[in-house]
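Enquirer: Protein chains in written order, with the numbering used here: chain A, 1 to 319; chain B, 1 to 337; chain C, 1 to 306; chain D, 1 to 260; chain E, 1 to 535.
None of these hints come from the bench; they were simulated from the model.
Worth double-checking, as some hints may not be accurate.
To be verified - Chain E residues, not near chain A, derived (Cβ > 12 Å throughout):
(1) Asp223
(2) Thr225
(3) Ser352
(4) Ser465
To be verified - Sample of chain A residues at the chain C side, in silico, Cβ under 10 Å:
(5) Lys43
(6) Gln108
(7) Gln215
(8) Lys224
(9) Arg234
(10) Gly239
As the structure is a computational prediction, the values presented were derived from the model and not from experiment.
All C-beta atoms, glycine included, are put in the ideal place defined by N, C-alpha and C.
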Amino acid sequence: MTLVTFTLANLVPADPAQAALGERAASDPAIVAAFREAQGLDKPVVTQYLVYIGHLFQGNLGTSTQSHNPVSQDLSVAFPATAELALFVIVFSIIIGVGLGTWAALRQNRFSDQLFRVLSLVGISIPTFWLALAAFYVFFYQLRLAPGTGRLSASLQAPPRVTGLYTVDALVAGQYTTFFNALSHLILPGLVLILYTVGLLVRFSRSAVLDVLNQEYVLAARAKGLSPSRVVFRYVLRGASLPILTIVGLAFGSLLSGTVLTEQVFGWGGIGQYAYKSATTLDLPAVMGVGLVVGVVYILTNFIIDVVYGVIDPRVRVQ
Amino acid sequence: MAKPPGGASDSRLELEADAAATAVYDEVQDDRAGGSGGSAGPGGSGASGVSFSALRNRLRLPPTFRRPMAIIGMSIIVLWFLVAIFVPWIAPYDPLAQQFDRLQAPNAVNWFGTDSLGRDVLSRTLYGARISLPLALILVVASAIIGSVLGAVAGYFGRAVDEIIMRFSDLVFAFPTIILAMIVTAALGPSLTNAVIALLLVSWPSYARVMRSMVLGARSREYVVAGRLLGFSPFTSLRRDILPNVAAPVLVLATLDFGNAILLLSGLSFLGLGATPPTPEWGAMVADGVQQFSDWWLAAFPGLAIFTVVVAFNLVGDALRDSLDPRTAGAVQGVKI
Amino acid sequence: MAEYSADTQPREVPPVAPDARGLRLRGLTLELGAKGAAKQILRGIDLDIPAGSITGLAGESGSGKTMTGLAICGLQPAGSRLGGTISYTGPRGSAPNLLALKPRAMNALRGREVAMIFQDPTASLHPMMTIEGQLTDGMRHHLKVSRTEARSRALALLERVKVPEPATALKKYPHQFSGGQLQRISIAIALSSEPSVLIADEPTTALDVTVQAGILRLLRELCDSLDLAVLLVTHDLGVMSALADTVTVMRYGEVVEHGTRYQVIREPRSEYTRALIDALPHPPAEEGSTPAPGALPPTPTRTDLR
Amino acid sequence: MAGHLTVRDVHVVYKLPGRRQLAAVDGVSFDLAPGEVLGLVGESGCGKSTLARTICGLEPLAAGTVEFDGQPVVALGLRKRPGHLLRIQMVFQNPYSSLNPRRRVGDQIEDALAIAPPSERSSVDRLLDDVELDRGAANLFPHQFSGGQRQRIAIARAMGARPDVLVGDEPIASLDASLQAKVATLMRDVALKNGASLLFISHDLSVVRVVADRVAVMQAGRIVETGPVAAVWNAPTDPYTRRLLAAIPTADGLGRLPAA
Amino acid sequence: MRIFNSGAGSTRAGLRITGLVAIGLASVLVVAGCTDNSQSTSSTSAADKTLVIDKSFDLKTSDPARAFELTGSIVDKAIYETVLDFDGSDVTKVQPGIATFEENADNTVLTLTMTGTHTFSDGSPVTADDIVFSLQRVQGIAGNPSFLLDGVTVAKTSDTTVTLTSATSNPALPFILPNPSLGILNSKVLMANGGTTGADDQAEAFLNKTSAGSGPYQLESYDVTTKVAFALNPNYAGDKPAYGRVVLENVEGPTQKINVQAGSTQIALDLNADQVQGMDSSVKITKNASPYLIYSWYNQDPAVSGGVTDNADFVKAVRQGIDYSKLLSIAGEGSTQPGGMVPSMFLGAIESDPANVFDLDKAKASLAASGYSGQPVTFSYPNDITVNGLQMQTPAEAIQSQLKDVGITLTLAPSPISTFLDAFRAGTLQSGIMYWGPDYPDPADYLVFNPGESLGKRAGWAAGSDPTVTAAADAAAAASGDDARKTAYEAWQNAANASGPFIPVIQPGQYAVSTSEITQLDLNPVWTVDIADIK
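All chains, please: the whole structure from these sequences, using the hints.
Expert: The following block contains the structure:
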């Protein structure tokens with residue numbers, strides 16, 4: 001993972017020193033040389049990589065050429081921002097998406113099924129950056145219902161850091177104004193992403209539930225004379241939980257890896273925006289840091305999915 | 001469905017022919033037996049009947065496209081392709097000419113208004129079809145070919161080949177598409193060609209995965225084994241027995257992916273990493289709209305264009321997917337996150 | 001040879017009094033598909049399933065026998081239309097026509113009065129639920145028993161169907177059992193709400209012969225001791241001959257033949273039944289009328305029936 | 001006549017998760033002479049299908065040898081099947097997945113004809129006649145046939161290669177009871193008529209009895225009893241065979257419950 | 001297959017699901033309802049008078065010795081004092097800061113005399129040692145602003161005086177010293193936190209968390225991506241600022257407009273002319289000429305020029321082919337066409353130059369004379385940069401379209417500023433547009449646009465390739481006294497316009513939009529805005 005990011009980052013045919021230094025400084029060879037030495041750019045690429053890996057094991061991700069902060073510090077701000085949004089989105093998406101998907105499957109080919117399917121298609125077809133813009137235009141610009149960009153209104157201070165999630169930290173600190181403010185900032189980007197994620201989940205959970213409905217154990221459960229809701233919740237959803245879990249995990253993973261376009265429009269300051277900024281400013285340590293976070297998120301979500309698989313499905317459990 | 005009980009048929013096949021004709025009777029049971037047993041149309045009750053209905057089916061619209069949503073989707077696609085082909089005759093003005101007052105709201109002259117340089121938004125939006133559609137097509141076709149070949153090879157040959165190809169695709173898959181594409185375009189420099197290359201690099205794994213899983217499934221199908229027993233070499237087997245049976249899902253995936261391709265291309269352009277001005281590319285036009293926030297028409301119409309194309313391809317792809325065997329349909333969800 | 005056999009003499013179809021306990025199907029029809037292009041799946045089935053007796057329903061796949069079983073339980077596929085009557089008389093009450101019941105009433109009756117077991121026990125048990133969960137689910141719903149009561153009943157049931165180590169079995173999942181054990185568990189589940197009718201849809205088809213024998217014995221024993229009305233749906237005439245008291249043969253959604261098992265298997269009146277029997281690898285030796293292979297009689301016409 | 005199959009002390013082992021191993025076939029030996037029909041009977045999981053696949057070279061041997069006319073049968077792997085082994089062909093259990101759904105029946109039979117020695121080459125029409133199917137079937141696709149008809153097509157295809165040994169891996173298990181005996185008999189007849197020996201694998205002893213000359217009873221990876229059909233059927237020596245026989249319900253209308 | 005044939009049953013199951021969905025939707029709505037919108041959040045803090053300023057961040061650091069970005073200057077101006085100062089938006093007169101100054105006749109020695117009244121935020125007085133340390137640190141760190149003191153030796157001469165000695169005549173030095181990058185730091189605090197005057201300085205992280213200055217504010221919180229908050233410095237020697245707490249928030253231009261209209265923000269700094277237009281009357285618009293200058297260049301290096309852009313007639317055709325007035329209308333009200341490279345508010349600026357006048361016919365004639373045969377010319381510009389809210393892409397597209405009328409084919413080649421700079425500084429770009437922001441308010445800053453100088457080299461303008469311009473530039477650099485300098489600089493610009501590769505295109509307008517509660521807001525070319533001066 002790090003190797004790929006590193007290779008990619010080094011493919012960039014421009015000199016990071018030029019990007020990082022000001023007009024005058026960049027014309028001064030001494031300053032450029034000092035910069036390159038400080039960043040370790042004067043060494044051969046392989047050495048650079050080994051040095052990077054070495055530092056990595058000491059928890060040192062290098063210093064961003066743009067923010068002049070340790071990359072780990074930048075990430076520790078950006079990641080919770082993304083995580084807060086991702087959690088908000090995934091919780092509502094699961095409730096709405098799995099609910100609607102199950103409902104659609106139960107009423108296969110009826111009107112509500114067709115409606116939800118088309119809606120879910122719409123959800124995944126709208127360009128998120130455009131929807132974000134439209135939502136922003138309507139709810140913020142025209143109606144003034146939603147707050148502006150960022151995670152918190154400017155006049156408020158971030159709550160004392162516990163988790164890095166503003167809503168949680170505000171509750172912990174008992175700052176209810178801050179809590180509601182942070183929550184209100186979540187809504188618009190949240191809704192934009194929820195629409196997409198719900199679209200995804202409706203499709204997947206519908207087909208997962210349809211699959212299960214064709215299983216004989218559902219017929220057997222109905223033959224027991226259980227109430228339909230009991231059959232759905234105890235038998236059908238349990239049976240469909242694995243594929244749904246997989247897609248929820250993937251969706252959550254990719255939300256956690258940053259939703260560049262949405263974050264960009266809403267100035268969210270999360271991983272996605274950080275990635276964009278780092279990539280366009282050739283901030284190599286930062287790009288590498290993002291790559292690392294993405295990799296860890298990917299591995300972790302897969303690991304968690306595997307663990308939950310084992311909890312849900314006795315057949316997967318290691319004997 | 002039921003054949004009239006009196007209908008006589010070739011007597012020596014009778015018990016079986018009847019069983020086939022009534023295969024749908026015990027649906028629950030038959031479906032369990034696997035395969036598409038229940039879907040046999042007129043059964044094996046004689047060649048003449050079959051060819052007649054085959055002819056009738058050939059003349060009719062395939063059932064996949066008889067659904068209203070699929071028809072809507074198909075019409076939109078056809079419409080946009082017509083626009084892309086005939087736009088010089090359709091568009092009211094030159095999309096590049098800065099000939100109007102700047103930032104005019106939609107009016108009788110400029111139906112979609114004008115942009116910050118006094119260009120006609122309607123003409124630019126229509127010309128956008130010439131940019132996005134062909135590029136998306138190239139992207140989808142190329143990544144489908146690359147991904148399918150790699151996936152088929154990985155799935156059929158297994159072991160080290162599989163391991164190498166799939167680990168690599170996992171690696172690419174792990175990265176959010178847009179971030180990876182962003183890094184690549186930032187490295188190569190922003191241009192539509194580079195955006196397509198970048199997206200190509202990141203979008204083949206989904207085909208590889210689907211192809212691999214289907215080849216893997218098909219490889220152990222008995223007709224493939226039977227072919228090998230008849231002396232087919234692995235490549236003959238792949239070409240003759242496996243690929244025709246997994247091609248349909250890949251085509252469906254490609255249809256669904258077309259929408260994605262347009263979204264990703266426009267997303268990169270939106271970030272300034274795709275189309276170079278003054279190219280009337282939809283994503284770049286939306287990005288212009290961001291600057292003039294209150295002039296809603298700048299972003300609204302190109303965004304709508306993207307949306308209609310994507311939703312149309314998704315509608316058609318969805319209908320196509322439903323026509324697949326449910327088992328393979330599961331593999332082809334066609335949505336990247 | 002076996003405890004329950006003895007019955008070597010031909011036996012007439014037991015006369016079923018109109019108020020006798022059990023199920024009585026009259027003119028049952030089932031249509032699938034849109035009104036215009038409906039498919040006739042069942043074309044007027046008359047069938048009696050009396051208590052204390054095993055009623056066999058035979059036929060090839062596609063004959064509608066499974067659909068008949070499902071229709072009795074109200075589990076026919078969506079979009080199908082039923083006609084005719086199914087009357088039920090049980091120890092706890094009776095219903096003149098199950099088809100006329102409100103869905104909720106039918107739901108209360110299903111599982112409680114009429115239980116069903118399926119062909120493949122590995123598919124009809126939920127792979128992710130413990131045996132206890134699936135076994136007590138029905139009785140807790142229908143009988144409103146407490147959790148501990150349900151548990152002790154479940155233990156007794158597993159003992160009744162001869163599942164070894166019932167206490168540990170309750171905590172296990174389906175994949176930890178063999179097919180035969182699972183079918184015993186399925187039977188226990190079907191019996192958990194003390195029904196009076198049991199629909200057994202190909203209960204042994206997925207099992208090995210040696211395992212099948214045990215299940216057949218269990219079914220016979222349960223039918224006799226619990227005075228169950230059992231409908232045995234099977235395409236296997238061997239199983240039919242071993243277990244059923246009366247046999248009904250179906251084809252194209254119609255009843256082709258009905259009688260005691262001896263009568264139907266030894267002296268089939270319909271040519272179709274005879275063809276089925278003749279297709280067996282080991283036709284009864286004493287009947288000499290084996291037709292030459294490939295010269296099976298033509299399809300019965302409507303006038304052949306009943 | 002060529003086509004002698006010799007199976008000697010064959011072991012096939014499957015790897016299970018967690019380093020465990022399963023001996024699916026555990027020391028099996030038998031001979032299949034040209035023109036002979038051998039029935040292999042056993043219940044699910046006894047290893048009979050694995051054995052069939054091993055004989056065709058689809059499973060690697062853990063120990064022992066399988067020889068065909070003195071030449072060893074090697075695992076197929078990713079190579080093209082060696083020419084001499086093409087004379088072992090197989091009919092599979094599931095008629096719904098043993099034919100390529102995208103190719104016409106005739107084309108699939110042609111594939112087999114192509115590898116038959118030119119002197120012995122049959123024709124699609126003749127093969128369809130052999131399996132009692134309409135000649136028009138050649139132009140249709142598999143989904144236009146019922147299960148029994150597909151199995152006939154599969155037999156025709158296998159026979160088209162002019163094999164010396166035809167292996168039937170539960171070829172009748174997924175057919176309706178009324179068809180089983182018929183298809184089995186047909187398979188036997190077609191094989192013998194075209195000069196192939198038949199290894200007929202089934203879980204149903206009563207069907208095997210109808211088609212086979214000799215029968216081998218398999219249990220837990222081993223052959224527990226072997227002998228002429230009549231002998232085994234009438235006087236089984238092995239307790240397992242006895243149990244198997246006793247469990248078969250007879251359609252005699254007498255209501256005799258089989259022994260458990 | 002539908003699972004429940006019984007209508008009532010499915011309705012019940014359905015109700016459960018509908019219920020869940022409804023609860024989900026309802027909770028979203030409740031949350032939405034509970035949240036106070038932007039207006040009320042800002043009013044809650046009105047009592048302690050929080051001032052919110054929207055700025056599109058280019059912030060990298062708040063360490064003055066390293067900061068040389070616009071946002072960094074705003075931040076550093078608020079938390080540090082400089083030895084000299086400007087008053088409001090007037091940058092033509094240098095005012096005393098921590099010290100007063102005196103220069104010798106040939107502008108080589110500048111003596112600073114401390115006023116002695118300033119104290120750091122920890123209460124300790126500002127000393128001459130602090131000045132020396134801070135200025136030497138800027139030099140020693142080898143950062144972006146180091147060049148400001150190139151060739152200057154800083155020495156303490158007494159407890160209250162410091163001398164700055166330049167190797168050559170340095171008349172611009174007093175104009176350089178008010179730069180916020182030359183802010184004076186508390187040397188004792190800094191040295192305790194890793195601060196040195198060399199490249200081994202480790203104090204940046206410390207300075208990004210807190211501040212060690214004598215300015216009106218100190219850092220309350222600092223985040224380069226979202227916002228910087230300021231609190232009052234209790235020990236500030238000057239007048240207490242009007243606002244006790246200031247938040248500088250990172251917001252993109254379009255959003256700033258809405259923010260300031262909604263009142264959630266008091267001041268928006270990055271709006272362009274289009275965005276300013278049509279704003280409601282409740283807001284106040286402060287207009288100022290921007291010190292930024294957008295110029296176009298045409299590479300003279302034969303290896304890069306493709307045989308086109310190094311042709312004098314071709315450049316002339318471009319000069320005459322650009323429709324400057326149309327560009328101004330696109331750039332919006334308040335923008336002007338600069339006569340030369342020196343922006344209008346600086347000494348030596350020229351108002352117009354006959355060389356840079358739109359005349360399509362003349363342009364075509366010049367083009368014909370050049371022998372240009374329609375080959376495409378690559379026109380590069382950074383596409384992620386706005387200059388006073390104006391995207392570089394806008395004039396680029398306009399110029400492309402205008403030159404098309406002349407007969408010149410430009411191929412636009414946008415790229416992110418990072419990759420753009422790399423190629424531009426290497427001098428490999430054929431043509432394009434870029435901007436120049438002043439490092440200090442003196443025309444001397446513009447002498448880099450000369451043959452062989454740093455910017456000249458980017459346009460392939462090698463030393464000695466244009467003796468006329470070089471001579472004029474040398475004269476301008478050597479001139480002493482305001483009048484002499486003015487004349488010399490004007491002459492230099494006329495010469496450059498006649499034969500040079502640089503075409504000054506637009507000097508955009510600079511806008512600050514504020515709500516009605518703001519009564520005083522001065523825009524300054526060096527530090528954009530002095531937060532402490534806002535009332």
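Enquirer: Would you mind marking each hint as holding or not holding in the structure?
Expert: Against the structure, the hints come out as follows:
The claim that Asp223/E is not at the interface with chain A is violated, since a C-beta of that chain comes within 12 Å of its own (minimum 7 Å). The claim that Thr225/E lies off the interface is violated: its Cβ sits roughly 5 Å from the closest Cβ of chain A, which falls inside the 12 Å cut-off. With a least CB separation of 27 Å from chain A, Ser352/E remains clear of the 12 Å interface cut-off, as annotated. Against the 12 Å criterion, Ser465/E stays outside the reach of chain A, whose nearest CB is about 19 Å from its own CB.
A cut of 10 Å between beta carbons decides the hint on Lys43/A: the least distance to chain C is about 55 Å, and the hint is violated. Interface hint at Gln108/A: satisfied, since its Cβ lies 8 Å from the closest Cβ of chain C, which is below the 10 Å cut-off. Because the closest C-beta pair between Gln215/A and chain C is about 7 Å apart, less than 10 Å, the hint holds. Satisfaction of the interface hint for Lys224/A is found here, the shortest Cβ-Cβ separation to chain C being roughly 4 Å, below the 10 Å cut-off.
Hint status for Arg234/A: holds, given a least beta-carbon distance of 7 Å to chain C, under 10 Å. Given the 10 Å rule on beta carbons, the hint for Gly239/A holds: about 7 Å separates it from the nearest Cβ of chain C.
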